[in-house]
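Engineer: Residue numbers (the working numbering), protein chains in the order written: chain V, 1 to 146; chain R, 1001 to 1118; chain H, 2001 to 2331.
Careful, some of the hints might be misleading.
Partial chain H-side listing against chain V, Cβ under 7 Å, derived [as the list claims (entries may be wrong)]:
no.	residue
1	S2050
2	L2193
3	N2200
The calculated DSSO-like cross-link candidates involving lysine-lysine, where the alpha carbons are at most 27 Å apart (straight line), are [claimed, not checked]:
no.	chain 1	residue 1	chain 2	residue 2
4	H	K2053	H	K2036
5	H	K2245	V	K9
6	V	K2	H	K2053
7	H	K2006	V	K5
8	V	K5	H	K2189
9	H	K2026	V	K2
10	R	K1026	V	K20
11	H	K2026	R	K1115
12	H	K2291	H	K2254
13	V	K2	H	K2242
The set of hints was computed from the structure by calculation and includes no laboratory data.
Just so you know, these numbers come straight off a predicted model, no measurement behind them.
Glycine is no exception: its CB is placed at the ideal position from the N, C-alpha and C atoms.
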Amino acid sequence: MKYDKDSYKQVVDEFTPKNKMLKNCFYAFIFGGAICLLGEIFKNIFISGLGAAEEDAGPMASVALVGLSALLTGLGWYDKLGKFGGAGTVVPITGFANSVVSPALEFKREGYILGTASNIFKLAGPVLVFGYLAAFIAGLLKLITG
Amino acid sequence: MNYIMSFVVGGIICVIGQIIIDTFKKNNAYLLVLMVVTGAALGYFGIYDKLVEIGYSGATVPLLGFGNTLAKGAMEEAASKGFMGALSGGVIKTAPGVAAALMFGYIVAVVFNPKSNK
Amino acid sequence: MKKIGKQTFSIKDNVFIRDTYTIVGKKEGQGPLGNKFHMIVEDDLWGEDSWEKSELKFQQTAVEKLMEVNQLKKNQIDLMISGDLLNQITSSSFAARALQLPYIGVYGACSTMALTMGLGSLLIDGGFAENIICVTSSHFCSAERQYRLPLEMGGQRHMSSQWTVTGSAAVWLSKNGSGPRVKNVTFGKITDLGVKDANNMGAAMAPAAYDTLSQHIKDTGIDYDLIVTGDLGTVGKGIVNKMFKEDNNSIEKKYDDCGTIIFDIEKQDVHSGGSGCGCSATVFGAFLYRKLLDGDIKKLLFTSTGALHSPTATLQGESIPGIAHSVGIEI
């Protein structure tokens, strides 16, 4: 073979199509913005419509978004949104919910315990591990520094 | 105004995520971990709350906000309950969202079937 | 010795490719070869309750139909050689369980079709068998969940990624009869130039394709009418063309790739093209074989390419080993 790993890397870079970043960013902005806007709308509905306290309304809106995302994932629509939205559908909490629901659904054929339940945090697990770890460190630092 | 700022700030955070995806071409799990840890760090230094004041849900709905909530929860509880607070504070604050994802996820898995995306 | 050159086995006896049977999914049916496949299955589950069971049904039905159309009895088939992409090649072994034929299962990732045809030809040429059925299958959904992410997971595919073909093709090789004959078989070396990006299989496989192709051409000295690789997609196809051009031996005019033939790359949103065991298998069975029968081409070099990729190895930092096997066919 006339190429080695380094020279071949240049060939690969030459032929590999670039992701359309500008277009992707545009859609990420629209989809991500829209999901956050929806969160704000939910929050206001919970405050003005249901009389929830300001501090409770945030978590309630999160739960509503998670529920909506779970439903769309079950219907097989969230991955279609994700195709356009990219990070716009990954970064909001709806993306977190999608990453919980999609393996739960995908592995149901291996059973509800060893399939669904075992795999439900397959993708979201790292987020929780690092999130809880970071939170614990933040709490600990607070304890030390006062 | 809340609505516009939610849209804009949320959109910008997602654009940052998109740039990371397209540049590093890594599994999305890396992005999500990065987001939640960054959020916790910004939360620890009290920076993220300023963003929430500007962006409302635009700052709380993305995973950065999840990290922020985690860190703030742990810090508040640590201040009042000490070590045990540091351990449980973040988990308690974010429990509704995580539990909801788990419950809804399980229910959806029972009710629906995986679909071919063609 | 029936070996010529460095790496090529020359088939001295007659090994005819008597017939093929191809079954594909809906998306493949909507592609440019839509009217050429023997059967198109609209529902990806095909009435089964999992993607894996659906895939084995593809493979089993392809063999059953091939036997039915040609009025072949079970006792006439000496051997079935098959492979697929799933762990423990379950589609193949479960199809073989139902078919009750003597069975050899092989794993060559997407290179499996040429691998099984090459092995089958050697066995017939060696006088060990008269009739052999070679079959491979792949299924978009079963491959996606094993190698990538759950289907319902939102997100974008990278532009260099490929779309696993849902389909299966069975090929009947026989000592007797007439039609296109297998003349030369080259089994490739593993070639790995350090590509680690699982979203860029074409680039991982292209050096292997170039290596086997150039070795086969050097060993046999045959001037083929058409050279076809398995599933390099647009990325890998471009690289192979570039490599031959640098040898001052451009094959561009007579070279194509199954991954770019099976789908309309612009319209069908498959990014870099098709892939999977079923890709080169169904394109050969439905399209290339017919071109040979119709006399459009007289000498075909059919080369399936495989990325021997494992998600575990990738996570451990390994690069993706590529392989390619060539089968020279003449009529």
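Engineer: Against each hint, give a clear statement of whether it holds in the structure.
Structural biologist: Now for the hints, and whether the structure bears them out:
Taking 7 Å as the C-beta cut-off, the interface hint given for S2050 (chain H) holds, the closest approach to chain V being about 4 Å. Because the smallest distance between the Cβ of L2193 (chain H) and any Cβ of chain V comes to about 4 Å, under 7 Å, the interface hint for this residue holds. Against a cut-off of 7 Å between C-beta atoms, the interface hint on N2200 (chain H) holds, since the closest Cβ of chain V lies about 6 Å away. Taken as a hint, the K2053 (chain H) and K2036 (chain H) pair is honoured in the structure, with Cα atoms around 25 Å apart against an allowance of 27 Å.
Restraint check: the Cα-Cα separation between K2245 (chain H) and K9 (chain V) comes to about 18 Å, which is no more than 27 Å; the hinted pair holds. Proposed proximity of K2 (chain V) and K2053 (chain H) is contradicted: the alpha carbons are some 44 Å apart, above 27 Å. Between K2006 (chain H) and K5 (chain V), the direct Cα distance comes to roughly 24 Å. Compliance with the 27 Å bound is thereby established for this hinted pair. Between K5 (chain V) and K2189 (chain H), the direct Cα distance comes to roughly 17 Å. Compliance with the 27 Å bound is thereby established for this hinted pair.
For the suggested pair K2026 (chain H) and K2 (chain V), the alpha carbons sit about 41 Å apart, so the restraint of at most 27 Å is broken. Between K1026 (chain R) and K20 (chain V), the direct Cα distance comes to roughly 16 Å. Compliance with the 27 Å bound is thereby established for this hinted pair. Straight-line distance between C-alpha atoms of K2026 (chain H) and K1115 (chain R) comes to about 14 Å, which keeps the hinted pair within the 27 Å bound. Simply put, K2291 (chain H) and K2254 (chain H) have alpha-carbon atoms about 14 Å apart, close enough for the 27 Å limit, and the pair holds.
Annotation: proposed proximity of K2 (chain V) to K2242 (chain H) holds, straight-line Cα distance about 12 Å (limit 27 Å).
Hints 6, 9 from the earlier list are contradicted by this structure; the remaining hints agree with it.
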